[in-house]
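Going down the list, the protein sequences come from chains L and Y. Oh and the first sequence: position 254 is 1050 in the working numbering, straight run, nothing missing. Oh and the second sequence: position 4 is 800 in the working numbering, straight run, nothing missing.
In case anyone wonders, no lab produced these hints; they're calculated from the structure. One thing to keep in mind: the hints can contain errors.
The list makes no distinction among identical chains, and a pair is therefore deemed to hold if it is satisfied within one copy or across any two copies.
[What the hints assert, rightly or not] Restricting the straight-line Cα-Cα distance to at most 16 Å, the calculated cross-link-like pairs of lysine to aspartate or glutamate (EDC-like) are:
#, residue 1, residue 2
1, Lys935, Asp989
2, Lys982, Asp1133
3, Lys982, Glu1018
4, Lys972, Glu1132
5, Lys975, Asp989
6, Lys982, Glu1132
7, Lys1100, Glu1126
8, Lys858, Asp843
9, Lys880, Glu829
10, Lys799, Glu829
11, Lys799, Glu1132
12, Lys799, Glu867
13, Lys969, Asp883
14, Lys982, Asp956
Computed from a predicted model, the values in this text were never measured in an experiment.
Number of protein chains: 2
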Amino acid sequence: MKKISICVIGSGSLATSLAKILAHNAVLLPHVEDRVNIFVYDELYNDVPLGDIINSRHVNEKYLPMIELPENLVACIDMVETAKLADVIVFAIPRHCILVTCNILMGKIKPNAMAISVIEGFSLKENGEIQLISQEIVKSLKIPCGVLMSVNLANEVALDRYCEATLGCRDLKNIKLYKDLFSAPKFRLTVIDDVECVEVCGFLKHMIAFASGLLDGLETNENTKSACLRFGLIEMIRFIDVFYPGCKLSTFFESCGIADVMTVCRSSRNRRLGEIVVKTGHTVVHLEKQLMGGEMILGTMTVKAVNYLIQQKGLQNKFPLFSTLYNICENKSKPEDLLNSIISNPNIIYHPTKLRPL
Amino acid sequence: MKKISICVIGSGSLATSLAKILAHNAVLLPHVEDRVNIFVYDELYNDVPLGDIINSRHVNEKYLPMIELPENLVACIDMVETAKLADVIVFAIPRHCILVTCNILMGKIKPNAMAISVIEGFSLKENGEIQLISQEIVKSLKIPCGVLMSVNLANEVALDRYCEATLGCRDLKNIKLYKDLFSAPKFRLTVIDDVECVEVCGFLKHMIAFASGLLDGLETNENTKSACLRFGLIEMIRFIDVFYPGCKLSTFFESCGIADVMTVCRSSRNRRLGEIVVKTGHTVVHLEKQLMGGEMILGTMTVKAVNYLIQQKGLQNKFPLFSTLYNICENKSKPEDLLNSIISNPNIIYHPTKLRPL
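Only chain L is shown next, with the shape it has when bound in the complex (with noise of 0.2 Å):
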């Protein structure tokens, strides 16, 4: 039997210390190749190409310098040579660039190849709804994408510590092989079937994280910070149910669900920028200009975008709290008004329609 070939598409901390877990997995499993290829873009660290250091020195200096990578890790600077034998592709580049990455591998990679995408976002259609990830995957490329949805990942890795993940993907045969090639003694994997519902999760939870990081600036209190996470899981809930019926409910028991949201309240860019927010006194679009150079950062891109959805079915009335977070990126509230809003809210528990139940 032909042995299972993976390729990891993208060099960054999260995709390096997937790729480390994934070729120290390959040498261990009898049924998967032993080297693993990892894309990394043509570039220099310290006047040396980042594959040569890679590939020569087994480290990634410029992004995960800390962790020693296994020989079996193989760089390469040309993608389709990195992809075109694999059977496992691994998505793990930024989000804005998974369009140019499509094109570049369409019809060069095997035709039943599988693809994993750990990249925490979506694509804006032209009429400005959310287009998943995996879904451009699939569109482009024509083959099934499962997604993985980790926090901080790549950091926890460096510090031996303990980090959990989803892995959604909608065939669940493949269940034990993605448990055995991704899964390490501090990096626990669950693999479950709702593909959606874990890849939404992955960027609602950083409006709260928003909102969370408002709260912090504003000196709340720890009841005021629980009610507002509490008030963001539930419209999560009720947003996924509206927006992608037939998701699960026992997928926000899982660790891309509550145990994410509330990580990223604790500890996240999205956090940190609404923090600043209320610090400095400047609006988002300010902030975004200054200090990521226009990009938005994904929890106030993802909080346009839901409300954009929100609006067009006439549903804000069931969303304030995303209503009320989509007003202060506008400029249209204050920060403060986060405080009314949770005061105000009207803490009608949701009774899930599509979700299927636990």
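Position chain Y relative to chain L; hints supplied.
Relative to the frame of chain L, chain Y by itself:
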């Protein structure tokens, strides 16, 4: 129509802050007696009887010194006098005083009075099982008893900060009355009919807080803390499903559920005990003796009572987190073992069998 009369049994900080809200609302509600009685133990503060201080200076100088109390809140050191004409009796006393308090009031109150307990915790039956405080009141006084669970209300009221709480009562015809009585501009009260679940959440959460404190002491990362809270919540739901059949899953999305769990994991004396256990290296039993004069703190008391029930049913493997906490409390495991328990948690999402759905 006869007006509704309210009294509060207890004069600690929580009792006093709730009494303030009740007395304030009583004046505004035409069908409620203006005067609200509060039972105050016959004790001196700076050589003056505390009840006299409350009635003359309108402040509870011992337990809530920063808060001005309404003049229609009247202190009384005779418990039977305080309660005998009341239609709504609020119990806000230490949990170990409930039996003696009920014995004093037995046969001396209106037969159609209603009780609300704000007491977190439980009593132990002779066989080691959990006796809910509300059930103890029902059994002794033969009146219905609701429960109101909230977090650190007293301090938060003092600081005029947002709080929320959940009131569980069996008879939903009282929803409006209770909402009118207990709500305040920054104190959101939700009334639901799932009494047992609200009350049991009110003590199970402290187990997770204790676990969270252990992790704080061990200086773990945010992912581990979020995972612990997630597993804790899953085991809370599972425990209530097994031992309190008929409860509702939606109750965990009220403030008494997920929000309270998060709050006490950030700030509570149960969390603090966990942290001290790690930082000092002392056993839980030793610290309880040293810090509490031998009285068990609610979190560890709950760990033991819950473990007793789990063991009786042979369900230890369904509650890996709770069982590990028990072993740590009994000094059979070290705090560090909590990390291993989280890493090796089977992470099986529970599909409730007896819980009513969202």
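We went through each hint and held it up to the structure:
Taking the shortest alpha-carbon separations for Lys935 and Asp989, neither the intra-copy value of 19 Å nor the inter-copy value of 48 Å comes in at or below 16 Å. Taking CA atoms no more than 16 Å apart as the test, Lys982 paired with Asp1133 passes between copies only; the shortest distance there is 14 Å, against 41 Å inside one copy. Proximity of Lys982 and Glu1018 under a CA criterion of 16 Å is satisfied inter-copy only: 14 Å between copies versus 30 Å inside one chain copy. For the homomeric pair Lys972 and Glu1132, neither the shortest alpha-carbon distance inside one copy (48 Å) nor that between copies (30 Å) is at most 16 Å.
For the homomeric pair Lys975 and Asp989, the shortest alpha-carbon distance inside one copy (13 Å) is at most 16 Å, but the shortest distance between copies (42 Å) is not. For the homomeric pair Lys982 and Glu1132, the shortest alpha-carbon distance between copies (15 Å) is at most 16 Å, but the shortest distance inside one copy (40 Å) is not. Within a single copy, Lys1100 and Glu1126 get their C-alpha atoms as close as 9 Å, which meets the 16 Å cut-off; across copies the closest is 52 Å, which misses it. Taking the shortest alpha-carbon separations for Lys858 and Asp843, only the intra-copy value of 12 Å comes in at or below 16 Å, while the best inter-copy value is 70 Å.
Only within a single protomer do Lys880 and Glu829 lie at most 16 Å apart by alpha-carbon distance; the minimum there is 14 Å, versus 81 Å between protomers. Taking identical chains as interchangeable, the C-alpha atoms of Lys799 and Glu829 lie at most 16 Å apart only when both belong to the same chain, with a minimum of 6 Å there against 81 Å between chains. Taking the shortest alpha-carbon separations for Lys799 and Glu1132, neither the intra-copy value of 58 Å nor the inter-copy value of 40 Å comes in at or below 16 Å. Neither within a single protomer nor between protomers do Lys799 and Glu867 lie at most 16 Å apart by alpha-carbon distance, with minima of 19 Å and 82 Å respectively.
When the C-alpha separation of Lys969 and Asp883 is checked against a cutoff of 16 Å, the pair qualifies only within one copy, where the shortest distance is 15 Å, while the shortest distance between copies is 62 Å. Taking the closest pair of Cα atoms, Lys982 and Asp956 come within 16 Å of each other only inside a single copy of the chain (7 Å); across copies the shortest separation is 43 Å, beyond that limit.
Of the numbered hints given earlier, the model fails hints 1, 4, 11, 12; all others are met.
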